[in-house]
Structure formats: structure tokens, C-alpha cells
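Number of protein chains: 2
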Amino acid sequence: MTRAELFAQIQQKSSFLSVGLDPDMAKIPAHLRSESDPIFSFCKAIIEETADYAVAYKPNIAFFEALGSKGWETLQKVQEFIPKDIFTIADAKRGDIGNTSTLYAKAFFETMDFDSITVAPYMGADSVTPFLEFREKWVILLALTSNVGSMDFQLIKDENGKPLYQSVLEKSQEWGSPENLMYVVGATRGELIGEVRKIVPDNFFLVPGVGAQGGSLADVAKYGMNAHCGLLVNSSRGIIYASGEKDFAKVARTEAVKLQAEMKVLLEKYL
Amino acid sequence: MTRAELFAQIQQKSSFLSVGLDPDMAKIPAHLRSESDPIFSFCKAIIEETADYAVAYKPNIAFFEALGSKGWETLQKVQEFIPKDIFTIADAKRGDIGNTSTLYAKAFFETMDFDSITVAPYMGADSVTPFLEFREKWVILLALTSNVGSMDFQLIKDENGKPLYQSVLEKSQEWGSPENLMYVVGATRGELIGEVRKIVPDNFFLVPGVGAQGGSLADVAKYGMNAHCGLLVNSSRGIIYASGEKDFAKVARTEAVKLQAEMKVLLEKYL
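Chains as they are written, first to last, in this note's numbering: chain A, 1 to 271; chain B, 1001 to 1271.
By construction, these hints were calculated from the structure, which means they are not laboratory data.
Beta carbons: idealized from backbone N, C-alpha and C, even for Gly.
Possibly wrong hints are sitting among the right ones.
Claimed, not checked - Chain A side only, calculated, beta carbon under 10 Å to chain B, not exhaustive:
| hint | residue |
| --- | --- |
| 1 | E65 |
| 2 | S69 |
| 3 | M123 |
| 4 | A125 |
| 5 | T129 |
| 6 | P208 |
What the hints assert, rightly or not - Now the stretches of chain B that chain A is said to cover, found in silico as 3 or more residues with beta-carbon under 8 Å:
| hint | segment |
| --- | --- |
| 7 | 1049-1063 |
| 8 | 1107-1118 |
| 9 | 1165-1179 |
Let the sequences and hints guide you as you build the complete structure.
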């Protein structure tokens, strides 16, 4: 998917919502557990009810991988079920030496047909650039994550006072463009999103940490939005586990509608 | 597997060889391609011929993942075929927020029964520690990798002149012990292995980059060996693709024997 197509969808739906698919057998409603593929049934129902309000779906690969080869079959079914005009994110946090990264890229871009994959930057250029060689596919590079551990290394300042995440942003600008490179930028640090935006004015950010993880959607939009919106704000648990009963998909829809309504206001304000 | 068990095996075999399993359909001998699971047949033959000389096997997960759910079935079969007294490394380079890392750990330590997994440090403590909570299982943390891109971030010096990889080594010492935490340390930088050894005297290193990637085994042993050997030196292509013909497994054995013979000399010299 191109940036123009993604932006068109954002405008059409007045939404920059990504719905995170973290399907946990212990958390999905009990009545689904007797189905032949409960995880697929769960994701399918969530997608059907939220697709009008979401511009992206982000399956968390670990939740599928934990189920072994069966989980990979389910992941493939889920990917194929997502409407083709909606952006898909394989949240896999991969990254290895060149020929190995190429294989990960093939796994998610060819064996499956995801639009994008999250990638870890620690191993540098040759671990990231193989993912950027696929046409109309995207890298979403970890820059500033929203977890507590992000402070361990990402905020370490170099000899010139520049934190590591800024080096990741700057260096990676040589590898990709706003047409194929996004960044993971956590929402738990409202003001830092503004700092990141100054360094990379044009790239999209994937923002986790709104809702269950405590970030403010208004702050994210205030500090992070650009002329192409430039934001995909993800909510996982706040939507998919809003109800653990038979009404889970309808309640997920209600939560998605609420977020979309907030996003519509923010798009009108800042775009 | 415990560190004592691993060390006992090293002494018994006079070897610290890890054989990397990077099975690529385009590179395996043509006569295997008509089999029902060529990748498994290939790995099985390699393991049968090299098991007397190797103390570890390191399947590169990307090569299996690129084949989708079928690849995961093959990976599981390969893991189960490796003799139980040999250390197994899932070279997966995973790492995510806490509950997600726990799921990756379950995928490799419970759904499958690997002894260890390679983990990327960028997201910090809560991305790594979930893997350390599994009894007799190991994290092999990326510290100083052997690829060109390792220079992009791993060598950035902080305000006190300390490179990032040293911060990773020092910080992670708070998370695990030499009984459950190893480090990836590239062999292309002989003298740097000595620097790493000073910081973490007791932990095992997984050393890629010997052979095809150009590092010197003698230098690795000189700078890196400790009283428990403390080294697993990996060779992938140099062994498994030494011949592309019907004799591939026998030739792999010959290459493994050569490396083991060199290692025996080095163990006698330094241990």
C-alpha cells in the first residue's frame, strides 16, 4: 500500500485507528473455545465489527507463534481475512543480518501478504534495509517504545548529548523514505513525540500505548500529526477485550467508534 | 540444560562447535528436493553426521519461518531430532514488551523445547527478563554482532565514552547470571572479544562469524576463553554447504571434524 492510499483511507474514515490483534486463548470469550479455530473466529468477529472505523490491523505475531505451526496457519487466515484496503502490520520486531532479514521479509511480505512489519534497529543498516527492498511494503522501525525498559538503552545520550533513539531516527533516514519507513513512537511520553516529529517531519508513526498503557490521544495528535496525518494510533486490549462475553465483538465496535469519534475531532483540528 | 552439563559435553567432545542450520531450498542438494520434507531431510542428515563433533545446533528461525506454517512443522521436527544432550539455540532474535516476550518464550521453550533463544536488547529489561524466568533455559543476548551494521549503533559512545554494547553487557548483568545468560559476540573483531570478556568474565559467548564471515578461531579462543570454556563458536555455511552434491552430509562431517580438531588444540592450550 502507498502512503497516498493510506492517507486517502484516513480521510475517508476520519480515523487513524490501528486495532491490535493480540488473541489470547485465556482471554477470549469462553463460547468460542469449542470452535475449530477459536483464535480465527475471535479475530474474524473483531475485524467484521471494527473495519469501518480502523485504517490498520496489527496482529501481534507472538500470540500466534506461541501456538506453533497451527498458529501460523491461523495468522495466515487472519491476514487474508482483513479487507484489502486496510493497512496490515505484522508486529514481529524482527531484525538479523542481511540474508536472514531478507527471509523474514519474504515470510511476511510474500508467504503472507502483510503491508508492513515492525523491525528492531540494534543490528544496524544491513538488518533493516532488506525489508525496504519490497515494493509498496513498509518497515516500522522501533525508535522510542512505550515500555519501561525503553529507558535502559533508548535514552542513553552519546558524546554530543544525543539520545540513542535520535541516532536511530537520523541514521535510518538514509535507508528509507516517508513512502516506506515508519517509526514506533510510544504515547506514554507526549512531549517526546514532538521531539521525534521535529527530526522526522514526514514519516508516519505507529503509536502504541494509548488506552490500556496510559497515553493521551489528544497529546499524540497535538505533538505528532503532520500534513498527511502521519499517525497510526494503536489500541489492542482496550478494544478486543472490552467485553469477555458473547457481546465481545459488538462492544469492540463501540470502543472503536468512540476512538474514531475522538480522532475525527482531532483530524479536523490539526489537519 | 545447565552450564555444568554444557561444560561437561564440551570436555567430553573436546569441542565448542555450534553448527548453524540455515536450510535454504535453493542451496540444498538437488536430489533432496523430491522428498516430502526436503528441509527436514537435509537437517537430519547434517545432524546425524556432525553430532559427534558439535555441542550445539543453531537453527536460524527465518529459514523455517519463510516457509510459513509448514516451515514451523519442519522446525519442530528438527528440534525434536537433535539429540537431547546437545544444546539447542533458536536463533530468532526476538524481543518485545513483557507479556509478548513471555509468549515468544513459550513458543520456543514450551511449544518447542529449545534450550536457548537469541534476544535483541533494544527494548530493555522487560523485553528480556521474561525469557529468563524459564528453568534451565537460556537467553543469548545480542551484544556485539558480526555484521557491518553493528557499527551503526552498537559502537556509539555515551557521555562517558562507553560504547552501547558495553551498556548492554553491564545492564544485563542485573537481569541474569552465567547460568542463564549468554551473549552474541562477533568474531570479526578479535581484540574486542577480549574487551567483552573483561566486562563479563563468566558468561558464555555465542560467536558467529568464524569461517564464511572471516573471523579467526585462534583469536576467539585467545581472547574469549574462560575456565568453563565460555565459548560456543558457530559455523553454518562452512559446514552445511561445504558440498552441494549427494555427499553433502559426509563433507559436512569432514568440515566439523576439522573445526573440532582445531578446538581440541585450543582447549588444551587455554583451559
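message: Hint P208(A) vs chain B: min CB-CB distance below 10 Å?
response: Nearest chain B Cβ about 8 Å off; hint holds.
message: Tell me whether the statement that chain A covers the segment 1165-1179 of chain B is true, taking a Cβ distance below 8 Å and needing three residues at minimum.
response: Coverage by chain A holds here, the residue count being 3 at a Cβ distance below 8 Å.
- prompt: If you take the shortest Cβ to Cβ gap from T129(A) to chain B, is it below 10 Å?
  reply: T129(A) check passes; min Cβ-Cβ to chain B is 8 Å, inside 10 Å.
message: Quick check on E65(A) please, does its C-beta sit within 10 Å of some C-beta on chain B?
response: holds (4 Å)
query: Was the hint right that M123(A) lines chain B, CB cutoff 10 Å?
result: holds (5 Å)
query: Counting residues of the segment 1107-1118 of chain B that have a beta-carbon nearer than 8 Å to any beta-carbon of chain A, does the count reach 3?
result: Holds, because 3 residues of the segment 1107-1118 of chain B bring their Cβ atoms closer than 8 Å to Cβ atoms of chain A.
task: Go through the hint on S69(A) and say holds or violated, using the shortest Cβ distance to chain B against 10 Å.
output: holds (4 Å)
query: Given A125(A) was flagged as interface, is its beta-carbon under 10 Å from a beta-carbon of chain B?
result: Holds, about 4 Å.
- request: Quick one: see if chain A covers the segment 1049-1063 of chain B, three-plus residues with Cβ-Cβ under 8 Å.
  value: As far as the segment 1049-1063 of chain B goes, the hint holds, because 3 residues have Cβ atoms under 8 Å from chain A.
Of the numbered hints stated above, none is contradicted by the structure.
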